[in-house]
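2 protein chains.
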Amino acid sequence: MDLKRGKVELAHGGGGRAMAQLIDELFQQAFENPWLRQANDQALLTRPEGRIVMATDSHVVSPLFFPGGDIGSLSVHGTINDVATSGARPLWLSAGFILEEGFPLADLKRIVDSMAAAARAAGVPIVTGDTKVVERGKGDGVFINTTGVGVVPDGVEISGDRARPGDRILVSGFLGDHGVAIMSLRENLSFSTNIESDSAALHELIAAMVENAPDIHCLRDPTRGGLAATLNEIARQSGVGMTIREDDIPVREEVDAACELLGLDPLYVANEGKVVAVCPPESTERLLAAMRAHPLGRDAAIIGEVVADEHAFVQMETSFGGRRNVDWISGEQLPRIC
Amino acid sequence: MDLKRGKVELAHGGGGRAMAQLIDELFQQAFENPWLRQANDQALLTRPEGRIVMATDSHVVSPLFFPGGDIGSLSVHGTINDVATSGARPLWLSAGFILEEGFPLADLKRIVDSMAAAARAAGVPIVTGDTKVVERGKGDGVFINTTGVGVVPDGVEISGDRARPGDRILVSGFLGDHGVAIMSLRENLSFSTNIESDSAALHELIAAMVENAPDIHCLRDPTRGGLAATLNEIARQSGVGMTIREDDIPVREEVDAACELLGLDPLYVANEGKVVAVCPPESTERLLAAMRAHPLGRDAAIIGEVVADEHAFVQMETSFGGRRNVDWISGEQLPRIC
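Just so you know, the sequences run in chain order A and B. To convert, note that position 236 of the first sequence is 236 in our numbering; the numbers rise steadily by one, no gaps. To convert, note that position 245 of the second sequence is 245 in our numbering; the numbers rise steadily by one, no gaps.
Next up, chain A with everything else stripped away, as it sits in the complex (with noise of 0.2 angstroms):
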């Protein structure tokens, strides 16, 4: 098998010596654990101690490279952060492939390399797999999905419909930068350089929020939709209201500037590295503290309050000292932006 020159063929998801010798070669040696080497139709694992939790994400970016990781290590990233937002430890990943024959198997092999490193570095194993190849035309170079899973230790709650007036509604940092990396290269702008995807495993972080806010309400990333999605759907399944501060809310100057550019408003870029929690009002400045000790949370902001309303509205105070509703969008902003 050729990894530097050659190309995906049918064959290689055929079942046969081909598909055989691109597991051996390349997914085995690159995830490389005892799971993956059991070498069945599915993974033994352990029992594990606590409540399951599951997780699933296709993802489908594009372009496939882009600043910041590629869709390997955002398929990482994007399933344990899923897992993670319930309080869960993520111990395993599947992986799955969907394969454009004539993909050339030197992206393919930097993508799956990619997603080896971002696994290891989280300290959660891909267990089990699967590769598909579809005819030239009929997909688009590559799609991935992973699924986790994970265990939630007793005694932690934490659900989008548990959100009280009172509350406060607190970010990791900075919003808008994995949507905006994007389309910044999408649309071939000249400043496409400076901003990065925030792409990253989101697990310690919660994990240390989890340990010093134990009655943390909701966790969730704000991924596509951005950060008005992610409040309208907590919103909607705990039947209150939101009232967030423009002023409070941490978006980078170079994001806002590109925002404008390009007709988007940060509120609904998607991010990959950044979790939205509300909690008890008691509990703030320790959850505060605590994001702000971890490198991921190092910007955390506390950008609003939960407020009793039926209609479950999402309100901004904006910076010029009006109210705007903050809708969920209607059409799609970003396509193919995970």
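Do not rely on the hints blindly, as some may be mistaken.
Which copy? The list can't say, so a pair holds if one copy fits it or any two copies do.
Claimed, not checked - List of simulated lysine-lysine pairs, DSS-like, C-alpha gap at most 27 angstroms: (1) Lys138 to Lys109; (2) Lys138 to Lys4; (3) Lys138 to Lys7; (4) Lys7 to Lys109; (5) Lys109 to Lys4.
Calculated directly from the structure, the hints in this document are not laboratory data. Keep in mind the model is a prediction, meaning the values are calculated, not measured.
Using the hints, position chain B against chain A.
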């Protein structure tokens, strides 16, 4: 949302109101269960009693609808079977959809309803999910990843590396139905009406097998690459050879005839509702009886033996009294068969 005449739009993957509507009105309604109703980015499940097993499978079958099933039911059966062939009881499934812009919502609903029916019939709920949309021409209607989690009871040790010389090899029924059903449809052959996919969830059959013969060494479902690939995989993993008898391998006459027309070998054709078992000689009759007592194992047969062979060759005694090597396929025999 017009589920009768509408089409998938990029907005359905955008994280905004359109996506929320698709999830509420289609996925939630069809899959309906308390875990999905949590409506978080992950499902919080119970603490399981036993070792965890995880399996993943992306489905890209073409065409999407075929005699005996569709991509929806197939995606449920395929992953349940990959979990179950470890001897595990499948507990939960995740579902990740990659939709192509312009795909008819009515077809999507048909697929989702079929998934829901298959999951319900199997007693394995779809507890969490994800939806992505790619632009027209960057996908092919619908791709579905399902990932399954199950638990293996203590004492059960089933793996592809446990085959030993003297062990018997069994299959649960007629081979080649799925692959031939798909290929007949693709090639528009007149006999297409007679052959149906064998797509089925095998976990109950397998539970009965494990209960009656707890010392089963290997179980695997002969999907892509067919019986030939499965036997070669097990032979390689276990470092043993295998001898099978052509006359004892159950293949329907119509499938044999269709294979001749299509230039296929039934040994290499995919199955989606069959299992191959390797077990010690003393348990063979008990295992065979347990298989035949189950509707999905009615036509089970003993097809050969494991032999000592450092080259891990799979050999077949042919109907004509000869002997030939059953090698891996080296190329792609049947693209997008699952």
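Which hints, by number, does the structure contradict? none
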